[in-house]
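Undergrad: Sequence:
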Amino acid sequence: MVLITVSASPVEVINRLDQSTTELNTLSGVPGTFVSARGFSDIITSHKPYYNADRQKMVLYVGEHRIKLSAGTGFIMVGEQVYQMPVHSVLQKDDIFLPAEAFFQIIRSTIMPGIVYDGDRHILDIALVSFNITGVNIDEKANGTILRIQTRKVFDERDVSTFKHDNGWFYVTVKGGIVDTTAMKRSKTRGVIRHISADQMDESVQLAFQLRSEIEGHEFYQNSDPSELVITLRTPLSKSANRIKSVKDRWRLDTIVLDAGHGGKDGGAVGKFGTKEKDITLDITKRLGMLLEKNTNIKVVYTRDEDVFIPLYKRPKIANENNGKLFVSVHANSNPNRNAKGFETYLLRPGKTDDAIEVASRENGVIRLEDRDNDPYAELSGANLIMATMAQSMFMKESENLASIIQAELDKRIDSKNRGVKQAGFYVLIGASMPNVLVECGFLSNPNEERNLKKASYRQKIAEGLYSALLSFKESREQVLAEG
1 MVLITVSASP VEVINRLDQS TTELNTLSGV PGTFVSARGF SDIITSHKPY
51 YNADRQKMVL YVGEHRIKLS AGTGFIMVGE QVYQMPVHSV LQKDDIFLPA
101 EAFFQIIRST IMPGIVYDGD RHILDIALVS FNITGVNIDE KANGTILRIQ
151 TRKVFDERDV STFKHDNGWF YVTVKGGIVD TTAMKRSKTR GVIRHISADQ
201 MDESVQLAFQ LRSEIEGHEF YQNSDPSELV ITLRTPLSKS ANRIKSVKDR
251 WRLDTIVLDA GHGGKDGGAV GKFGTKEKDI TLDITKRLGM LLEKNTNIKV
301 VYTRDEDVFI PLYKRPKIAN ENNGKLFVSV HANSNPNRNA KGFETYLLRP
351 GKTDDAIEVA SRENGVIRLE DRDNDPYAEL SGANLIMATM AQSMFMKESE
401 NLASIIQAEL DKRIDSKNRG VKQAGFYVLI GASMPNVLVE CGFLSNPNEE
451 RNLKKASYRQ KIAEGLYSAL LSFKESREQV LAEG
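Its first residue numbered 1, the sequence shown is counted upward by one per residue in this note's numbering.
Keep in mind that the hints were calculated from the coordinates and are not lab data.
Misleading hints may appear alongside valid ones.
Pairs of lysine-lysine, DSSO-like flavour, derived with a Cα cap of 27 Å [stated by the list, open to error]:
1) K299 <-> K461
2) K141 <-> K93
3) K141 <-> K188
4) K412 <-> K341
5) K314 <-> K272
6) K276 <-> K461
7) K461 <-> K341
8) K397 <-> K299
9) K286 <-> K422
10) K286 <-> K454
11) K454 <-> K417
12) K454 <-> K422
13) K317 <-> K474
14) K299 <-> K272
15) K474 <-> K461
16) K341 <-> K286
17) K141 <-> K164
18) K153 <-> K164
19) K299 <-> K317
20) K422 <-> K317
21) K422 <-> K474
22) K286 <-> K417
23) K341 <-> K317
24) K265 <-> K317
25) K317 <-> K188
26) K286 <-> K276
27) K422 <-> K164
Can you build the whole structure from these sequences, using the hints too?
TA: Set out below in C-alpha cells:
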C-alpha cells in the first residue's frame, strides 16, 4: 500500500506580483510532483475556491477565468475549453493535487503567461506578463476571408511570418507574441476557416487556421488603430472567371491607357515658381502617347488629352471600357521637405511607410472636388482596400515587373534620385482590370526639380524612359505568353 501524505518539500513560489516568496504544498508517495489546487488559489487570488465534497469537484477563480477540477481524472477545464493532463489528479483532505508540470503548462498557455515552473529546482515563478495577442475576428467576403488578429502592441513585420502548408493549414508565427489561447479558441470560424488553434512557445506563438477549401494566395499588413494583424486569404476564382482569366492571358498588349494626373479645377501640386502638376502630367503623357503612336501599332487611350477635370473613379472605368491592357497614371510629387527629390513608381496596395501614405493621401485628396451625392471611396480603407485590390491580384506580378522596368529606364535617362518601387492605396488605380502603376516623375516642391520639370527637354527624357519601359514590358510579357 502506498501512503499519500502532504510532502515536506514544497514548491518555492516567487510571486513578483506582490514581491513575496511563499511555499506551495505537494504530495509525497506519488511519482512526480503534485501541487495543491487550494494552495495555488490562495497565492494568486483572494477569491476562495468553490468545492463540492460529494462530487469531488473544485472551481478556482482567477480574474474573469474559471478553472474547473475533478479528483481522479486527467481532465481540467479553463473557461469552456477542456485540457488533458498525462496523469490523474489526486484527492487529499478536501483538496485536489495536480501534476505540477502539466498543470502549470496549461495555466501558462491559457490565462497566466507570466507563470514559469522549474521542475528541477522546484520553483514556481509568477510574473506580471500580459497577453499581446488577444483573439481573432474573421470576416467573410465574396472573394476571400479576412483574419483580424487582435494585438496589444505593434510588432516588427519582420517578426511575423505566414505560411500555407500542403496539409490544409495556414500558419501565422509571431516572434514575441503571447497569446490568450482561451480567447483564441472562442473565436467564431467562418469563410474558409474551419478550426483555430494556438501553440505558445518560449519566444514566439504559432497560430494555426485549418482551411475548408483551397486558397490561391494571401496578403498581410498591420494596423495600429486598432492594433491588429490583418491577413486576407484569397479564394480561387470561379470557373467562369478562370475562363476569362485564361482568355486575358492570351491577349496581346495592343491597347495602353495613359492617365495624366489631375486636370481642370484640380491643379494638383504647385511648385515654388507656380508650375502646376496638371500641366506637367498632361505634357509628359502626350509626349509618351506620341512616341507609342508613331513607332508602334499599339492603340493609345487617354483618360484626358486636354485640361479637363476627370473624377478618379472614372479613370480606371475609361481603361476598362476601352479594353485596355495596361494602365499608367502619370503624376508629379510634393513634400513639405523641399529637399525631397527623385522619381518613384507605385503599386496598388495599402501603404507601408508614412511617406507612401502621405503621397496617396495627397493624390486621393481630389475627391473633395468631385460632384457626387454619394461617396464611392468611403469604404476604401484598411481591410476593405485590401479586398478592393483582390480582383486585380492576377495582375500584381505584372504590375511589379512593369514598375521595376520603369524605374530602371528612368534611371538611365534623368539625373535624379531613384526612389524605387513602393505601394500605397491610390484610388485612381482601383478597379483597373489590367496591370497598373502610378509614376511620380519628380518633386515640384523641390525648386531644382521644378526647374527641370519645366524644361521640355527634361519632360521628353521622362517620356522616352516610360516609352522604353513599356516596350520592354510588352516584349517580356508577350514572350511569356508565346512560351506558355
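Undergrad: What are the numbers of the hints the structure violates, in ascending order?
TA: 2, 5, 14, 23 and 25
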